[in-house]
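Novice: Based on the hints, put chain D with the ligands in the right spot on chain Y.
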Amino acid sequence: MSTQLLAVEARGLTKRYKTALAVDNIDIAVPAGCCCGFLGKNGAGKTTTLKMLVGLKKPTVGSISIMERPQLFGRGGSFGYLPDVPNFYGYMNGAEFLTFCAKLCGIPAAARGAKVKALLEKVGLSKARAAISGYSRGMKQRLGIAQALINDPQVIFMDEPVSALDPIGRRDVIDIIHSLKAGGDKTVIFSTHILNDVEEVCDYVLIIEKGRIMAQDYLADLKARHKRDEGEVRFHDAETAAQFAAAVGNAPAEGGLLAQPISPVAFTLRLPGADSRQLSRHVNALLHAHALPMESYAAHNPSLEDIFYATINNEGGAL
Amino acid sequence: MNHFLVLLEKEAREILRTKKLLVLVCVFLFFAFISPLLARFMGEFFEFLLPAAEAEQFMALFPAPTWIDSYVQFYSNATQMGTIVIILLFMGLILREKRSGTADLVFCKGVSPASFVLAKFTVAGIAALLCLLVAILINYGYTVFLFGEGGALGHVMAGAGAYGLFVLLILAWVILASTLAKSTGISAVLGFMGFMGLLALSAIPRLGRFVPGGLMTQNIPLTLGNFYPDFAAHLGVAAGLTAMFLVLAVWILKRQEL
Ligand SMILES: Nc1ncnc2c1ncn2[C@@H]1O[C@H](COP(=O)(O)OP(=O)(O)OP(=O)(O)O)[C@@H](O)[C@H]1O
Ligand SMILES: [Mg+2]
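Quick note, the sequences are listed as chains Y and D, same order. Those letters in the first sequence? Residues 1 to 319, per this note's numbering, in order. Those letters in the second sequence? Residues 1 to 258, per this note's numbering, in order.
The reader is advised that the hints may include incorrect statements.
To be verified - DSSO-like mimics (lysine-lysine), calculated; alpha carbons at most 27 Å apart, straight line:
| # | chain 1 | residue 1 | chain 2 | residue 2 |
| --- | --- | --- | --- | --- |
| 1 | Y | K41 | Y | K181 |
| 2 | Y | K18 | D | K20 |
| 3 | D | K19 | Y | K140 |
| 4 | D | K182 | Y | K140 |
| 5 | D | K20 | D | K182 |
| 6 | D | K254 | D | K182 |
| 7 | Y | K223 | Y | K210 |
| 8 | D | K254 | D | K98 |
| 9 | D | K182 | Y | K58 |
| 10 | Y | K41 | Y | K18 |
| 11 | Y | K210 | Y | K227 |
| 12 | D | K20 | Y | K210 |
| 13 | Y | K58 | Y | K227 |
| 14 | Y | K58 | D | K254 |
| 15 | Y | K41 | Y | K223 |
| 16 | Y | K210 | Y | K58 |
| 17 | D | K182 | Y | K18 |
| 18 | D | K98 | Y | K18 |
| 19 | D | K182 | D | K19 |
| 20 | Y | K122 | Y | K140 |
| 21 | Y | K58 | Y | K41 |
| 22 | Y | K58 | D | K19 |
| 23 | Y | K117 | Y | K58 |
| 24 | Y | K140 | D | K98 |
Note that these hints are calculated values from the structure, not bench results.
Bound conformation, chain D alone:
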């Protein structure tokens, strides 16, 4: 337990000093500021870019933007780009320490692989969730400012919370990939394959029930207060898979020669 706390402190310092937190904050704040703007002024952009006649035709195809569009923009950015950034930032989490030999020094001092892995997951998870929380609150405020309404805050948080749980699942997967992989390239490929695989599997009709892809595709219904049918199942499966990936990473790390 004491080792875990010392490692937490070290991971926190690492994420700050290596500027990973900065990147994460910037990316999510960017989504938070740009999404409501894009939603609100998309029409005007086209008007500005296209000749008047074509613009009018174009505008006729789209109904006037509403506050919901601001969340549509946010989630299409955050769940795609955001997840990719998270994979890229954390895919070396275990691998880099194994390869550089820093893990040797730490393990020689009697640190257990469990503390090692869990400290990394905890700090990366808290950082990602905080960024997401701040981003969604800004997105909400900005939406209220631009559209006059931003939805029920509780539902907005439910939509973001679902994605937050998905992020934790991806983090656990990335940590497992980083434990298994012998090179950064492999770790990256595994990380992305997990992400894509999850989405692909959740699109298969029957199987989709048990694959928690909905946590990153159904954020809009959730934001509107519609808890889709498999939501509870997805929450459970995501939590279970997250724990399983972490346990597996610890199990492998224990048996691995660095």
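Extracted from the complex, chain Y is given alone in its bound form:
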């Protein structure tokens, strides 16, 4: 194993409020170049963790580094950050606010105008001339994303970037994240409740529950680990399905194929001791032997949703 550059690393990170232990001694290691989905139920500790990572909240205990440099409380950095509820100076318009941010980031005057224009375009605000006080929540969310990208940061933190957006806006944001990924060198970490988005765009996943990291890995590895060698077969009609059930039931010699009905026309299939390749070969042979036409057969891949539930129910304890 090569020693991989870590975009974000936290050790023993803990945040204790007067009334709650919001983050409980977590270790985080997100490799550079990843797109990392940060998942957890409401109140699990995502916002608290992100705010500690960007230096806005002081960890009770623990250390943080970003791009292998220590990140201290109260210090900003060259990373981008979208807060959970972004707010701006209401008396400015979007372009003015981005120009203000560009100046703070030290972007030279010559490059500012084009940069601001391109970002407004990117987040779909190029037509919004009004003062920010007249922006809708979704428009503020878009402006928040734009300001997080103003200095082409290497690491970008976003707290629920799609939460206030319409379906088109959500698509836009996921596409923006895709485009950030495309370069291959940027690291994006965003919290969300939309598992589909994570499955679409993320290659790394953090799952937090009650202030503890329950899973932290490449999505592909997580899926491989949660893979059960199951398949799903679906028939055109209930009659064929019944014939199939009979065929399975009448053939205990068939190596112990187990068929669990999930609807009148579909079954989940499992063959003890066999992997998914052997399972599919076996099912195929059985269907062929009984001349049963099927509508579809699919090896059962765990969805992120399956993994999420399995993970937080695993050690999360009872609610």
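Specialist: Leaving out everything else, chain D with the ligands in the frame of chain Y:
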């Protein structure tokens, strides 16, 4: 330093666009125009309002107004109402940014609390001092126009300068209050308590020497060219307290979770 300049520009835009400067200008110009008039025509007002006999009795109690009365009016308005308006206008300066989350965005970009606080103080201070300067000049001109004389301009400026320094002290205090407070109400209470407290303390005989309340109560002697005994001490203490409040605000902001 660069951050400081960018923030100065932002604060200047803020004070213009949120109409705070407009309010400040209007209030002080109002004092400048109304004070000499009130001083000059107070007698006539009473004559107009009261029956002739009573008016005559009343007038007999008061000597004829002089140019000094015009400054008496101005300072009684400016130092009370003016200071209150300044507290009300600026009591949310830090608090509002913390609560709305705009401070988060700014600090994430690496801005230091010192630049943040000092930019706010600088712009608010310059705005208040400019308003005061324009107001006192108008008050002076108007006094000359109505009474034929307006005092030595240098002394007039000394009287106003003392109040100006007091305004800076109050601003620094309001910024500290705004940093400490968790709500606008608390920030306002702290702001006013500071103002009242300063006045109350300066009235205590021995202690008063070291409390710069004189900067807003002794403006008339100053305007007449009488530098009261503790003036120098008050200047020093006011400057020191202003710096201390600002340093404290920065120190607290650095350690605060927003
Ligand atoms: N300022 C605070 N004071 C006390 N407790 C807090 C504070 N902020 C957060 N908490 C607690 O910390 C826990 C984690 O909150 P956090 O906001 O990090 O959750 P989250 O995962 O972001 O939730 P959501 O999905 O709803 O945004 C919660 O139990 C919350 O009640
Ligand atoms: Mg949250």
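Novice: Next, verify each hint and record whether it holds.
Specialist: Do the hints match the structure? See the list:
1. K41(Y) / K181(Y): holds (26 Å)
2. K18(Y) / K20(D): violated (38 Å)
3. K19(D) / K140(Y): With Cα atoms ~23 Å apart, K19(D) and K140(Y) stay inside 27 Å; holds.
4. K182(D) / K140(Y): Given pair K182(D), K140(Y) holds - Cα atoms ~25 Å apart, limit 27 Å.
5. K20(D) / K182(D): Roughly 22 Å between the alpha carbons, so the hint for K20(D) and K182(D) holds.
6. K254(D) / K182(D): holds (16 Å)
7. K223(Y) / K210(Y): With Cα atoms ~23 Å apart, K223(Y) and K210(Y) stay inside 27 Å; holds.
8. K254(D) / K98(D): This hinted pair holds, its Cα atoms lying about 12 Å apart.
9. K182(D) / K58(Y): holds (18 Å)
10. K41(Y) / K18(Y): Distance of about 21 Å is within 27 Å: holds.
11. K210(Y) / K227(Y): With Cα atoms ~25 Å apart, K210(Y) and K227(Y) stay inside 27 Å; holds.
12. K20(D) / K210(Y): Since the Cα atoms of K20(D) and K210(Y) sit roughly 46 Å apart, the hinted pair is violated (cutoff 27 Å).
13. K58(Y) / K227(Y): violated (39 Å)
14. K58(Y) / K254(D): It holds: about 11 Å lies between the C-alpha atoms, which stays within 27 Å.
15. K41(Y) / K223(Y): holds (20 Å)
16. K210(Y) / K58(Y): Satisfied, since the Cα-Cα distance of roughly 19 Å is no more than 27 Å.
17. K182(D) / K18(Y): Holds, because 17 Å separates the two Cα atoms, which is no more than 27 Å.
18. K98(D) / K18(Y): holds (20 Å)
19. K182(D) / K19(D): holds (24 Å)
20. K122(Y) / K140(Y): holds (14 Å)
21. K58(Y) / K41(Y): holds (22 Å)
22. K58(Y) / K19(D): Not OK: K58(Y) and K19(D) at ~36 Å, beyond 27 Å, violated.
23. K117(Y) / K58(Y): The given pair, whose Cα atoms are some 35 Å apart, is violated under the 27 Å limit.
24. K140(Y) / K98(D): holds (17 Å)
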